[in-house]
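Here are the chains, one letter per residue:
Protein chains: 4
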Amino acid sequence: MDIQALLDGIVAELAGRRGEGKVADYIPQLAKVDPNQFGIAVTTVDGEVYAAGDAAVPFSIQSISKVFMLTLALGKVGEALWRRVGREPSGTAFNSIVQLEHEHGIPRNPFINAGAIVICDLVLAGYKPKEAIGEFLRFVRSLADDDTITIDRAVAQSETATGYRNYALANFMRSFNNLQHDVDHVLGVYFHQCALAMTCRQLSRAGLFLAARGADPIGGYSVVSEKRARRINALMLTCGHYDGSGDFAFHVGLPGKSGVGGGIMAIAPGKASIAVWSPGLNKVGNSALGTVALEMLASRTGWSIFGA
Amino acid sequence: MDIQALLDGIVAELAGRRGEGKVADYIPQLAKVDPNQFGIAVTTVDGEVYAAGDAAVPFSIQSISKVFMLTLALGKVGEALWRRVGREPSGTAFNSIVQLEHEHGIPRNPFINAGAIVICDLVLAGYKPKEAIGEFLRFVRSLADDDTITIDRAVAQSETATGYRNYALANFMRSFNNLQHDVDHVLGVYFHQCALAMTCRQLSRAGLFLAARGADPIGGYSVVSEKRARRINALMLTCGHYDGSGDFAFHVGLPGKSGVGGGIMAIAPGKASIAVWSPGLNKVGNSALGTVALEMLASRTGWSIFGA
Amino acid sequence: MDIQALLDGIVAELAGRRGEGKVADYIPQLAKVDPNQFGIAVTTVDGEVYAAGDAAVPFSIQSISKVFMLTLALGKVGEALWRRVGREPSGTAFNSIVQLEHEHGIPRNPFINAGAIVICDLVLAGYKPKEAIGEFLRFVRSLADDDTITIDRAVAQSETATGYRNYALANFMRSFNNLQHDVDHVLGVYFHQCALAMTCRQLSRAGLFLAARGADPIGGYSVVSEKRARRINALMLTCGHYDGSGDFAFHVGLPGKSGVGGGIMAIAPGKASIAVWSPGLNKVGNSALGTVALEMLASRTGWSIFGA
Amino acid sequence: MDIQALLDGIVAELAGRRGEGKVADYIPQLAKVDPNQFGIAVTTVDGEVYAAGDAAVPFSIQSISKVFMLTLALGKVGEALWRRVGREPSGTAFNSIVQLEHEHGIPRNPFINAGAIVICDLVLAGYKPKEAIGEFLRFVRSLADDDTITIDRAVAQSETATGYRNYALANFMRSFNNLQHDVDHVLGVYFHQCALAMTCRQLSRAGLFLAARGADPIGGYSVVSEKRARRINALMLTCGHYDGSGDFAFHVGLPGKSGVGGGIMAIAPGKASIAVWSPGLNKVGNSALGTVALEMLASRTGWSIFGA
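Just so you know, the sequences run in chain order A, B, C and D.
Numbering (full-length UniProt numbering) for the first sequence: 1 to 308.
Numbering (full-length UniProt numbering) for the second sequence: 1 to 308.
Numbering (full-length UniProt numbering) for the third sequence: 1 to 308.
Numbering (full-length UniProt numbering) for the fourth sequence: 1 to 308.
Please keep in mind that the hints were generated in silico from the structure rather than gathered at the bench.
For glycine and all other residues, C-beta sits at the position ideal for the given N, C-alpha and C.
There could be a bad hint or two in this list.
[Claimed, not checked] Example chain A residues on the side facing chain B (calculated, C-beta under 7 Å, incomplete): (1) 80; (2) 81; (3) 83; (4) 93; (5) 103; (6) 104; (7) 225; (8) 228; (9) 238; (10) 253; (11) 288; (12) 302; (13) 306.
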């Protein structure tokens with residue numbers, strides 16, 4: 001299979017649709033991004049990297065970071081983590097607070113905002129916010145094997161200044177005793193985590209362990225157990241696209257996690273880790289063109305986990 | 001891989017746990033079932049059948065029938081079906097009506113009761129209830145290659161007499177014009193569909209086309225397109241276990257559909273179709289022992305779709 | 001105070017606004033009513049009757065009937081009635097089902113549809129539907145001292161044929177065991193009760209006992225105790241206008257009950273019983289012009305219960 | 001009518017029930033209050049003051065302060081206030097956030113926490129928090145004609161430190177642009193307002209204008225227009241006891257506002273202003289004994305607004 005040709009073909013076919021969707025504007029800093037960009041990269045389990053389009057342009061990975069932070073937190077606290085966050089699709093928007101009131105401050109899963117905030121609280125145990133952010137950054141850099149990856153402070157500040165909804169979620173969970181640290185500290189970690197800037201190439205590299213039974217096939221070391229890798233993939237499949245998770249599974253058929261920056265990381269177990277990016281979002285807040293590109297790729301490679 | 005030995009081992013290991021969970025009692029006829037039964041069957045894509053325990057005892061497949069009815073309806077109306085039912089996990093119980101009020105009578109997916117009722121309405125187009133039920137029965141018999149499969153009329157009557165919640169759902173959707181036929185007719189089809197009695201052997205045989213790219217590998221004919229088979233599997237993964245779908249994906253990692261009769265049908269794409277049955281249900285209404293058995297099987301075979 | 005002059009003045013001032021609002025169209029029979037009609041009648045506790053506009057034209061009183069049926073039911077079962085229906089404003093639409101799911105089939109109050117259906121179930125105890133309807137009709141006729149009052153069968157049939165939402169509510173409560181009779185029987189009573197046709201004159205006369213400490217000051221007999229009259233008034237104030245009850249209290253300041261036929265019955269305790277009718281409804285489903293007229297009347301008479 | 005004898009009788013009859021209910025413990029400072037206290041005071045429109053029990057003991061008036069702050073805000077911004085807060089009962093708990101998500105950040109009424117926070121935001125326009133608190137304190141002192149009334153700083157600090165739920169509500173509304181000032185500033189005003197300490201005597205005096213057509217009958221000056229006084233009373237009746245407002249209207253029949261400190265202020269229009277206090281709360285968060293005492297008083301005086 002000529003993956004490079006596949007990616008080039010997808011970029012060419014979608015050239016006329018660049019700019020589709022609506023760039024997220026509730027985070028001021030994100031609203032400034034050029035909507036016509038589109039990149040895609042694939043890192044296979046045997047270590048090959050393929051890329052096309054704007055695959056070398058850093059973008060704000062936003063909620064995709066939740067996969068890495070969950071991985072980090074599971075390494076620290078293990079399965080006890082699930083006492084404080086669920087594993088079910090939410091059936092509501094990424095920033096909904098309704099479910100929290102009905103379910104006593106326990107978020108439905110670690111990939112909606114509330115759940116990711118609880119994960120930050122867990123990672124903070126015994127650390128100062130700066131230390132926790134530092135550890136997270138080092139973890140992602142090691143996964144991507146690239147020390148140039150940085151956090152975009154302007155984005156982090158932009159969210160700190162305007163992220164009222166996240167302050168609401170955090171304070172709400174605090175009132176149910178499902179946060180143990182200072183709300184400002186927890187959100188400090190959360191906003192910085194979301195502000196991680198990565199390219200499609202870096203992102204597809206960083207997710208490779210999830211396609212390769214939990215081990216990094218290039219570096220040759222284990223990141224998580226095979227079982228844990230499967231479980232993280234399962235969570236991405238059922239909960240990775242907020243209230244569009246069912247549709248993404250239906251159309252693409254790969255575990256994936258999207259971010260409002262327009263990025264999506266998708267995993268083809270045993271095959272490859274994929275990153276795609278285009279800033280315009282569809283109605284449920286996932287990259288419009290990115291979703292289309294992944295559907296094309298999954299269909300043409302036969303990588304869907306729901307086929308033979 | 002010695003599948004027969006695997007099944008025998010699972011049956012032996014779980015012998016001491018028979019009777020776990022709580023038998024559904026809201027349908028009087030189901031409450032009478034002996035809770036200590038447990039059966040499992042696997043039909044592989046190359047046509048081999050393995051079975052252990054009470055795999056030849058017929059049970060009420062209940063909601064598992066929704067997979068077959070959806071398949072039948074997609075064959076009739078195609079993708080237009082999705083104008084009247086969604087494809088997202090519900091985040092609520094199987095018989096919740098809250099979501100319907102918030103989303104104007106459009107059920108979240110075809111595997112919750114409301115969604116399955118809409119599917120029955122679609123299948124009724126141009127038919128009388130008896131004809132629609134007849135067509136459905138013939139379809140399942142042909143999938144299972146077994147003309148002895150029947151509908152348990154006592155169960156159907158039991159549900160007709162006491163299924164107030166389903167009458168509520170149907171009338172509610174009718175008020176939003178999302179049912180086109182008489183409520184009694186639609187529910188007549190629905191209750192008879194749910195009352196289908198099958199053994200684990202028959203059920204695993206009937207699901208085989210979903211494991212085999214949409215074609216029946218034994219009969220050698222196409223049931224649905226490869227794409228449609230993938231999509232039905234995706235729906236089972238995200239929505240097949242009501243508000244326990246995320247957990248089932250997390251622990252088992254296979255597309256599956258459960259019924260309150262205690263049965264679960266699971267699909268390992270490219271590998272096999274699996275049926276398991278034990279009447280006791282867990283907290284979210286899925287077979288307690290059946291779920292455990294599937295987790296054991298998926299783990300020991302490596303069939304999880306989230307691994308390599 | 002010259003009440004007749006007041007009423008004439010209101011009719012004259014509102015002449016140019018006749019036809020405001022939107023006639024209820026979900027009950028086919030109601031959609032045919034001439035929207036330009038407007039009537040008002042006042043019966044004082046010393047037995048005087050004042051009327052203006054179309055006060056002698058019968059209209060479908062719809063939900064206003066819930067006040068009379070509640071009164072009848074309280075007479076039969078007493079305060080035990082409150083075990084099956086609450087006394088709180090619902091904060092939702094008149095036909096919402098969401099609250100019922102969250103609160104286990106117990107309706108918030110007797111003036112939303114679900115609550116009124118439970119009241120019908122209570123009144124049915126020991127009776128056939130026809131007998132219960134007959135008893136209700138006799139009760140209202142005696143309150144209004146007018147044997148010519150009838151039920152509009154065409155309206156009742158229209159609702160029986162299209163009232164899917166009410167069938168949903170009734171079946172839903174039945175599933176929670178909060179209905180004891182056959183759903184069709186209960187709704188038969190409910191639809192006939194709502195189809196009562198009365199004029200403003202008759203309606204203001206029928207409500208007089210609520211303005212007069214529970215006794216009929218003209219007939220000179222007791223209908224309910226003084227305490228019960230106060231409590232029914234309190235319920236009308238907090239729950240009588242669905243999700244517009246707060247606004248009605250704010251603007252008019254009188255206990256009242258509206259119906260989708262465009263009628264409103266309002267009570268000025270110690271002063272008078274008032275009926276107003278105009279078919280066009282405002283956004284929350286209460287008579288648009290009727291509400292305005294009552295605000296004018298309450299303001300000019302000083303009858304608001306919130307003033308001195 | 002010998003009001004003093006009535007109050008003495010009520011205090012005597014309830015002596016054996018002191019301590020009923022559950023003292024609010026979510027605000028640490030309030031949890032320390034002696035639960036066996038009970039006081040009642042009545043100030044009539046002709047200027048007489050009657051008191052019994054612990055009527056001279058200051059307590060934290062908490063949410064009762066919302067009535068005074070609303071009055072102050074209406075004086076500043078007039079009816080435009082209603083663009084940012086509704087006038088309907090909520091049908092939910094005092095601190096629910098669900099409604100806010102469904103209704104885009106507009107609280108249902110000014111007497112639930114969210115609504116009162118918006119009112120504080122309005123009062124802050126052009127002021128610093130300290131100035132706004134100062135103005136509020138002067139306003140209440142002038143209403144009560146008592147300059148010794150103070151804010152209990154320990155209570156205010158206790159709430160500032162632990163009021164996560166209110167921080168959640170405020171940030172949530174800020175995300176919908178329904179707060180214009182800094183969340184900390186708005187809540188600073190809110191927490192200080194709630195921490196007002198008053199005795200039953202002072203409180204019944206301060207509410208007198210609402211019983212007397214908006215004017216202070218003792219001081220002889222107008223506080224609000226007669227119409228506005230009626231409307232504030234209407235809001236207290238429909239929304240003054242959270243999700244127990246319907247029940248309070250049913251049993252007591254007077255406009256009233258409760259606070260979690262165990263106080264209730266009730267208004268008998270044209271008759272008197274009443275304050276009662278006992279720390280133990282009933283299930284919906286209103287003073288258990290206070291409610292009983294008011295029901296006795298309203299019944300024995302005939303002051304219910306729903307009677308003649």
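Against the structure, the hints come out as follows:
Residue-level restraint check for residue 80(A) is violated (minimum Cβ-Cβ distance to chain B is 15 Å; threshold 7 Å). Here the hint on residue 81(A) is broken, as its CB sits about 12 Å from the closest CB of chain B, past 7 Å. Interface hint at residue 83(A): violated, since its Cβ lies 14 Å from the closest Cβ of chain B, which is beyond the 7 Å cut-off. With a cut of 7 Å, the hint placing residue 93(A) at the interface with chain B is violated, because the nearest CB-to-CB distance is about 11 Å.
The restraint placing residue 103(A) at the interface with chain B is violated, with a minimum CB-CB distance near 10 Å, outside the 7 Å limit. Taken as an interface hint, residue 104(A) does not check out: its beta carbon lies about 15 Å from the nearest beta carbon of chain B, beyond 7 Å. Taken as an interface hint, residue 225(A) does not check out: its beta carbon lies about 11 Å from the nearest beta carbon of chain B, beyond 7 Å. Of the supplied interface hints, the one on residue 228(A) is violated, with its beta-carbon coming no nearer than about 11 Å to a beta-carbon of chain B, more than 7 Å.
Of the supplied interface hints, the one on residue 238(A) holds, with its beta-carbon coming within about 5 Å of a beta-carbon of chain B, less than 7 Å. Hint status for residue 253(A) relative to chain B: holds, with the closest Cβ pair at about 6 Å, below 7 Å. About 17 Å separates the beta-carbon of residue 288(A) from the nearest beta-carbon of chain B, more than 7 Å, and the hint is not met. With its C-beta approaching chain B no nearer than about 9 Å, residue 302(A) sits outside the 7 Å limit, and its interface hint is violated.
Annotation: residue 306(A) was flagged as interfacial toward chain B, and the flag holds, the nearest CB pair being 4 Å apart, inside 7 Å.
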